[in-house]
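Build out the structure end to end from the sequences listed, making use of the hints.
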Amino acid sequence: MSTDAQEVTAGVEAKLIPIYVMGKRYDVPDSLTIMKAIEYAGYKYIRGCGCRGGVCGACATVFRKPGDYKIYTGLACQTVVEPEMYLTQIPFYPANRAVYDFGSLTGRPEEIFALYPELFRCVACNACTKVCPMDVEVLDYISAVKRGDIEAAARISFDCIQCGLCASRCFAEMPQYHIGQLARRLWGAYLTPKAEHLKTMVANIQAGRFSDGLSGLKAMSQDTLKKTYQDREMEPATGGEDWTPKDRQYL
Amino acid sequence: MPYTEELKRLIKVVESTRAERVERKRHNQEVPFLSLDERKEMLRYHPDVKEEGRRELRVGPSKGYRIAHEMADVLEAKCRVNPEAIDLSHVDCETDVLIIGGGGAGTSAALLAEQNGARVMIATKLRHGDANTMMAEGGIQAATKGHKDSPYYHYLDVMGGGHFKNVPELVETLVNEAPDVIKWLEGLGCNFSKSEDGTLKTIHGGGTCRKRMHFAADITGAEMMRTIRDEARNRKGVITVIEFSPAVELILNEHGHCAGAVLYNLETEEYLVVKAKSVVMATGGCGRLHIQGFMTTNHYGATADGIVLGYRAGVKICFLHTVQYHPTGIVFPEQAEGILITEKFRGSGANLVNIDGQQFVNEREPRDVEASSIIKECIVRAKGIPTPTGKLGIWLDSPMIDMLSGEGTVEREFPGKFILYKRFDIDISKEPMLIYPTLHYQNGGLEYDSNCRTSVPGLFVAGEVGGGVHGENRLMGNSLLDIMVFGRIAGKSAAQYAKESYRDGKLTLEHASKYNSEVEASGVDQGRVAPMILPDYTDARIREKQLTAHYVGTLR
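Those sequence lines, one after another, are chains A and B. For the first sequence, my numbering gives the first residue as 1289, with consecutive numbering after it. For the second sequence, my numbering gives the first residue as 16, with consecutive numbering after it.
Calculated directly from the structure, the hints in this document are not laboratory data. Watch out, some of these pointers could steer you wrong.
Said to hold, decoys possible - As a list, the in silico PhoX-like pairs of lysine-lysine whose alpha-carbon atoms are at most 25 Å apart:
id	chain 1	residue 1	chain 2	residue 2
1	A	Lys-1506	B	Lys-331
2	B	Lys-55	A	Lys-1514
3	A	Lys-1514	A	Lys-1482
4	B	Lys-78	A	Lys-1303
5	B	Lys-560	A	Lys-1303
6	A	Lys-1358	A	Lys-1332
7	B	Lys-55	A	Lys-1506
8	B	Lys-55	B	Lys-529
9	A	Lys-1515	B	Lys-180
10	B	Lys-398	B	Lys-23
11	B	Lys-391	B	Lys-55
12	B	Lys-78	B	Lys-560
13	A	Lys-1514	B	Lys-180
So this is what it looks like as structure tokens:
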């Protein structure tokens, strides 16, 4: 089997640098991500590894550099190793999540306040924003929720991958990422206009409007089907929303 | 790492032809689409047609079927745990519906099973939501705009993409249920990109005749996954999730019905017996088998476990002779290798460009045709761009998007990729991306019908683990749709089965013991065990010293 770490090191003049995984030294190629470096060292992941593409939030990593007081964070699958860095992964951090009946909510800010009263313990220290490996302005979306601006909270929190690092550093002990999730859901379901064309289409399908057309396609010989496919009218790439096809009999 | 001096020099060539290509795009003067015959010719360069890449299966219900060696390896393998060592008289947990897999298909199945009155248990290998769903970027297809589109056209596109081999009933269900799935997600609060008046934004995908791909910026799958996972967490007490506990064997009962599974707790290394009235298999794909040595876009857990389990229990496989290579995976920088670059870049106007700065294919061909064109351009026509480590790639000219749709579009519409490249000091609104096809999707899988039933009563299938709906090649935006449509149906069917058709009986793993004997008798390699569960990326030199750790997958 071809392997990620091997592929990366094959053919590369691998310069080895020391890193410290939970305090223990390993020499790894300097071009690897933290994740591949840890695997290169001989670890096999169970926790702390997920999509390997920077979107799932499984591999939150905290590290420091010698002689530097700062806490650095990153996703292990996205962050390239640095000489002498010492690190640990935080694959899980407990956080309180409110359980709610989503259907009974309406999108009022008070609904979030009631489910997450700890919001108001926030002292705006900004530790959440500083620790976020996705550069989400966490404090900004929490502040938006506090002033009842769910739209802003939804927008600002959109790139959150729910790794939980914000919750790990929070002075107010709140689960920011669950609050952001609730804000986005309220925004999507209750505070933006519903798609009218979608309702119409679902109703038309349920009324059987396209059944005959589909049955016809299913019954077609391969050759006729291929021809129908080849002849289908293409919506132009640069056409606007209003474009309509010439043949409207199957609409 | 940023582009090297040599690559920067080659980017100048791309820049020199960009203005002209943008003009052509504006005037719809595109490289023409290939005819069906030309497509066939182009597909000669597809990895699927390499006969040396596959072999005939020597065991199981689809014996004689030729599939990739890497997939055959896990099917022609013995059970990971000796079936006779499992004490079935001691049941660790009981539930109505057991769902194996915690991705999009499994989670939507759980929600619908719960809605239909079942107690549900989700067993998942990693965390809930750790799945390819989370990584799907581009969008979800559905014919929602009645003034120009309907399920009729969606059906045609799906069939054409799949080489007209798809199972028609499955395709019909897929396209008919599509708009309702979008409506369901909208109601759950999924943040699809919309216009002010609520109209859903839609764009083209490869092989579509209408703009019907809905999206949530460039993290559509993640937005869908986190929304339905959040909702599953609201059904606390009825939907239970057991993480880090992959299924390693299905359990049948004396009637030959599926009645549960053996789970393996990855952390305590215990094997647990779960008894269920019905089971939904929703384990996803196989990218981490690295078919033909390709890099992959897939999640860490995509190791074809569900195929192995279902196959051993007697379900036939289909369409596994084809594998989808996504045309555009990152080939530089090396650290990001294999990562998917969504088709939406091409849908939004970015050309594929060779070393001479020339566009060589319409960028909205179906994926297999597009991938073949790139492979041909690099290997046969020698027009690829060499990376510092000797690989080849093609330019995906993302700066065109800002020129076509206004400055800032790339950063706004593709925030995920913009940040990823920014970390490497590459600004993709000003510099193109270097890409090559990457192993992306398992077109085939276990056979199932439009109610998600399999040949084994009580066993249901949903999502990538199943085969038939996409034929020999899936179109973009139809996998997120597949998992939602068939996930929901599987959940409903499994709940109904648990209520109406379930028959209690003595649990057995005899099918697994028999399969072991068949593997032994067939003379295939005796050393392999499956499912693999997790791939192994340990450096070879380290592995040599780990004398007791490896046994195909890690047993520890």
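Outcome of the hint check:
1. A:Lys-1506 <-> B:Lys-331: Answer holds: Lys-1506 of chain A to Lys-331 of chain B is near 24 Å, not above 25 Å.
2. B:Lys-55 <-> A:Lys-1514: Holds, at roughly 13 Å.
3. A:Lys-1514 <-> A:Lys-1482: Outside the cut-off at roughly 37 Å; violated.
4. B:Lys-78 <-> A:Lys-1303: violated (48 Å)
5. B:Lys-560 <-> A:Lys-1303: With a Cα-Cα distance of about 22 Å, the restraint between Lys-560 of chain B and Lys-1303 of chain A holds, given a limit of 25 Å.
6. A:Lys-1358 <-> A:Lys-1332: violated (29 Å)
7. B:Lys-55 <-> A:Lys-1506: The given pair, whose Cα atoms are some 23 Å apart, holds under the 25 Å limit.
8. B:Lys-55 <-> B:Lys-529: violated (42 Å)
9. A:Lys-1515 <-> B:Lys-180: Holds, because 15 Å separates the two Cα atoms, which is no more than 25 Å.
10. B:Lys-398 <-> B:Lys-23: Since the Cα atoms of Lys-398 of chain B and Lys-23 of chain B sit roughly 17 Å apart, the hinted pair holds (cutoff 25 Å).
11. B:Lys-391 <-> B:Lys-55: holds (13 Å)
12. B:Lys-78 <-> B:Lys-560: Since the Cα atoms of Lys-78 of chain B and Lys-560 of chain B sit roughly 37 Å apart, the hinted pair is violated (cutoff 25 Å).
13. A:Lys-1514 <-> B:Lys-180: Measuring from Cα to Cα gives roughly 11 Å; hence the hint holds.
Hints 3, 4, 6, 8 and 12, counting from the list given before, are not met by this structure.
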